[in-house]
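Residue numbers (our numbering), protein chains in the order written: chain A, 1 to 659; chain B, 660 to 837.
Hint data in this document are derived by calculation from the structure and do not stem from the laboratory. Wrong hints could be hidden among the right ones.
What the hints assert, rightly or not - Pairs of lysine-lysine, DSS-like flavour, derived with a Cα cap of 27 Å:
(1) A/Lys381 with B/Lys704
(2) A/Lys267 with A/Lys414
(3) B/Lys663 with A/Lys267
(4) A/Lys387 with A/Lys517
(5) B/Lys704 with A/Lys387
(6) A/Lys414 with B/Lys663
Spelled out from the first residue to the last, the chains are:
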Amino acid sequence: MSPELGNFALALACCLAGAQAVLPLIGAQRRDPRLMAMAPALAVGQLLALLTSFACLVNAAIGDDFSVQNVAANSAVAKPLLYKITGVWGNHEGSVLLWALILGICGGAVGLFGRNLPSALRARVIAVLGGVSAGFLLFCLTTSNPFDRVWPAPLDGQGMNPLLQDPGLAFHPPILYTGYVGFAVPFAFAIAALIEGRVDAAWGRWVRPWAVAAWCFLTCGIALGSWWSYYVLGWGGYWFWDPVENASLIPWLTGTALVHSAIVVEKREALKIWTVLLAIGTFSFSLSGTFLVRSGILNSVHAFANDPARGVFILGLLALVIGGSLLLFAIRAPALTAGGMFAPVSREGLLVLNNILLCSICAVVLTGTMYPPFMSLLFGKTISVGKPFFDATAAPLAIPLLAFMGFGPMMPWKRAQFWPVLRRLWWAGILTAAAFALAAWRIRDILPLLAATFAVWVIAGSAADIAERIRLFRMPLGQSLHRARLLPRAALGAALAHAGVGVSVLGLAAMSQAAHKIVEVRVGQTEMLAGDAWTLTDVHAAPGPNYTSLIATIEVRHDGRLVTVLHPSKRTFASQNQTTTEVAIHTNLLSDLYGVLGDRHGTDADPTYVLRLHYNPLAPWMWLGGLIMAMGGVLSLSDRRMRVGAPRRARLAGLVAAR
Amino acid sequence: MTRKSRRLWLACACLLGLGSATALTLNAFSSNIVFFMAPSQIHAKPPAPDRTVRLGGMVVAGSVRRQTVGETPVALFDVTDGQAAVTVRYEGILPDLFREGQSVVAIGTASPDGTFRASEVLAKHDETYMPKEVAEALRRSGKWDPRYGKAPDAASWDTMTVRDARKDAAGPQQQHGS
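So here's chain B without its partners, still in its complex pose (with noise of 0.2 Å):
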């Protein structure tokens, strides 16, 4: 074997191998790319049913309930921007730091009912952390900037938000003074 073809050789295992890389990752960027959404954004533009995502927001307080179907634990509770709710629905145990009136992220799918089914719920650090998606989203509605101190309190919030997102689903959306 010459040295030319060698060197060809050798730079078709290279093409092959990244050109194999390659296309395995767009095609996994076709599927299986997840996007962060606010409930607002689920409420205005659903995705489609076998679509996972990540919800973010606030949990409303006092919108935890619990059954059990069989003996499976089911918690429901709601996930507000501020300007509309969303209803979870998770199988499973919330995580250790999963409070009422504090972020939340939900992985999983918007079914066509209209509630959330997660698979997955994180709340992740201390009490004071905030994911940087749900900060971002909740700056976009209006209802707190990061810049003017920490997040309003969760009571203040929660009689707004829902009160916000009846509203919401009533007709278009009022904008509050800055």
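Bound-form chain A, shown alone (with noise of 0.2 Å):
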């Protein structure tokens, strides 16, 4: 019963959307207010029956209803109850579900919190997300069904793919999506604002908190993401410049660019056309994102079964969504009246720069990423980009942007000069002077040399904005904290993003240093890596719930005392006849020990191990400044500038005139 009210709920949310994307648009254009009033409802409205169908599907997962094809194929009773509930979406069609849930609540958030919008816009905003909506919730209902029956119902589900029952992908995908789809917002402002042909400084600080909000989900996603395949893959690796990692760089990297442009908008009335190209540029990129790698276009492993309707049926909605938006956006674009033009040397110009630097990364990754396809697809010929192309490509552009990032945020609006600001930071070019010393005697690379001689250059000019501002050691002590308490929240948040960077930056340049090695071992045998001995003392099995595990035991010690005790492991899943490795880490935050279990060789009566052991020097600084970054991103949303007084448009008859 209650897979069918979950179909149903997921029809009627389907047709509310279509209702949410041609009503309020009308009252808009007709300027009638009961039209428009219906949009904030629609909108929750369709939320609430997004939230039920949900739940049905949760409920058939966690109550074991085999008769549903989408549990049955995911799912088997021996399941852990967490991962019943993550396996939801941890397939093709409970993902896309999970996503038009949180394009329910991104609707559901403007229609509950976008009070203060003139009704017009708000209006249009909650139209075009609906109009996404319904596409996508089409999809789900036509192609890809999360309820629909297989008869007769088998005993037991085929269960779940071992690598996925992990804790961090739990949660690593709704973080993910909440970013992408968040994107949706910006771009539906951005579609809202040609449609009145109006871009204007309150429009800009309409924009940045959603586009804030979004960044920081997705910050948090990439990191989480990169984390698992560091902690679960057993590689030792963080990334692998795979597709669909880079699917979710792309619109972070113009995501980034969006945040820093909409500041521009909202204090200069400038490069509004180009913000608003940046909006819809970065949710193209997300649903492109998402829905091509599951088409199975981009050779990944993440790619879901094969199925051409669904492909032709996303191909033609990513074209439908892309192509009008940047159809509407080349007609109304020339109507929207050129922003102020504005000086190189200054904040802004800054910021133009910062656009340019991450819109160029922006490209090469790209390029990296879709030129194997298309080559396959025009010439036949299979080719792939890996990391080195990035490495070569990439950090070379990274670089001017952290030395820019490094003294950016001190300059000021209008017209600058860098030699007051460069002066002003005294301490931090010697902190970098020394810090490129002391990298320059370890790191022989010049790449991770520059990296990380900037990434400290980040780290000590936000520290320095933050000291300049509120006059530490040129005042008594008592004058600067009471400054830094009536510091705007915002200023402090951009501090600590951009310290974030240069925390990740850190990381990334001292794996470059990490070491490794690939041994064969007895039972017994020590094995010196980076100064410390690792000695195998143990193998033993141990039953699990689901699984056997083969748990081996490693001493780690430096210099004759205990540094820690590794427990790494490989299980052995029966249902699936599948292996996993579980890699065991001790970390101290300034490095990590890394041991991974190998094969086992050799007679019975003498064993032999092969084990892989990892140094890896700041590997979790990469995260953590990912973590960071978030954290800059929320501090800086809760600045009262970003909720209250400033959706007030300032000529209200504008909105008349424009027309």
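Join the two chains into one complex using the hints; note that each chain is given alone, in its own frame.
So, in structure tokens, the structure goes:
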């Protein structure tokens, strides 16, 4: 019964989304307040229907209802409860439903929290969100319905890929999807502005909180995904430049550019057309990222089963959303009044530079990702580009970005000079020079060396920005602290997010110095790696809930003192006849000791074990930096100016005049 | 500064950014693109020893040999596309999903002595999964067409292959009947 209810709720949500796409738009055009007022109600109604539908699917998964095809294919009685719930979005159908649910939440949030928006703008924004939602709900209902029944119902499900049975992966998709889908709101604002023919400072101020919120989720999602591949896949790697990873990085890059260019719109009423284009581009990349990858066009580990009907539907939908919005942009953008120009040496000048560099990085990542499929489509050649390509292209563009990031926030608006700003950064400069000397002693390659140096520059620059604002050491400490309390949270958040980038880059640069060793040893044998002695002391078998595992014990000693005991293991899942590797990691936040148990060789009387041992300096900093970036975003979201006061348009008469 | 010169500055900055991105991309494409090759292609036209390629095919059943050099474990196995076989040498832990008689992709360089030195071995997904590029190579070699059902059983496939590989080395290749 409950799957039918879920199916009905899904269909209802689709109908509501259709109404939400059309009625408020007509209302806004005819200035009919009743039709416009329907927008928030319809958005909330759609959200409730989707919540019901999702709850029904979760209920079917928890209750082991194997007559639902999706549950039968992806779940099993013996699976732990947590993974029964998270398994709901671990497959194609469920993940499309989750995607639609998050889009519904975004629409509902605009409906509930957007009360201070002008009613016409709010109606249009919600209508655009409804249109996108209707398209994807239709896709969900017609080609990938999660509530399809199977007859006869099997006694037990086929189970879930053991690799996916992991708490890190359980929460990675919802966070990442929230990031992807969150950019639908800036997109809807951009489309609404194009329909209205008007972008001004207030628009920049309304868009920015949504963009920052989506950006925070996307940052966390990417960091979580990278951490997952680090500790689950057991390769000691953290980023593989796999198409799926790139698909999340590309919207992150343009989204970061969007967050910055919206500041220029808000403060200086410049870069308006560009910001609209960025908002459209970011959501288009999010969309094509999630769905091109899943349609199997890009060769990827994440591709779900290939189904031509789905592929055609998705391509049509993408063409409609992306092509339609770009067409609207081409027609309406000339009607937007061009923004003011500004001096190259100024805060806004550096923000433009930030946008150019971020978009250049985005362009090379996009080229590297799309070139292989195009070559195979057009010329039948099978090629691939990997880490060396991206290292050689993205890193040289990222380093100037870091260099400008160190002092960008200290530049005054409108007109500035480099020298006074750099003079105030003298101690950051000394710190950076010291970091360069220290890094040059350990790091031999030029790119990681420069990255590490400029990462320190960014962190020191962010600290200097705050120290300068509160006049640290130039006033009595009490007064400085008082100033710190009065400091706008947005400024603190920006400095924190920039420092987070520095922390991440330091981690990435230090990881170029990681050491690893693959050895075949007997129990009791000792290996030396990075100054530590690793001894395999024991290997034994132990049963688990739905697997059996082989657990090794490795003692790591430094100068005879016990540092840690690692327990890497191998799990064999009988139901899928599959083995997974459980990595053991010991971290002290400055470095990770990472041990992997490999195959067992030799005779039963005299077994030998293959071990892979890694020493990863500063590895946790890569993800810690991501977390700090997201915290910076949240801090700046809590700024009063982001929420109240601002959303009052200066000249309401302009609304009509623009048309 | 006039409005015109500011515009000029903006255009120059954009050109510089995109120009350097293009230059970096083209430069990286010339040296960092990895081509996919089937074993028969490696036999026919061995790539330069410093060129990284992806080698894909089926692991010949019974061909996996393990040695230890010093304390480093080394795995040797043959990869075939049904027309030729190449011996792959890999130092490290083979992935969990690596099986004899199943598809594999090895990334590395072809050394002059005829073996392939892999720096990475990929065996993805479950046992029924086959990388697209391997399936394509098998189809081209005429050994298996994905349209006609599952890949042939590992056992039949290997006897066929090893003999073919030898024949291939000895003289011109014979076509099998369709």
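Taking the hints in turn, this is what the structure says about them:
1. In summary, the hint linking A/Lys381 to B/Lys704 is supported, as the alpha carbons are separated by about 16 Å, within the 27 Å threshold.
2. Distance hint between A/Lys267 and A/Lys414 is fulfilled; the C-alpha atoms sit about 10 Å from each other, no more than 27 Å.
3. Our distance criterion of 27 Å between C-alpha atoms is met by B/Lys663 and A/Lys267, whose separation comes to about 22 Å.
4. At roughly 21 Å between alpha-carbon atoms, A/Lys387 and A/Lys517 fall within 27 Å of each other, so this suggested pair holds.
5. Of the pairs offered as hints, the one joining B/Lys704 and A/Lys387 holds, with about 25 Å between alpha carbons and a cut-off of 27 Å not exceeded.
6. For the hint linking A/Lys414 to B/Lys663, the alpha-carbon distance of about 17 Å falls within 27 Å, and the restraint holds.
In this structure, none of the earlier numbered hints is contradicted; all agree with it.
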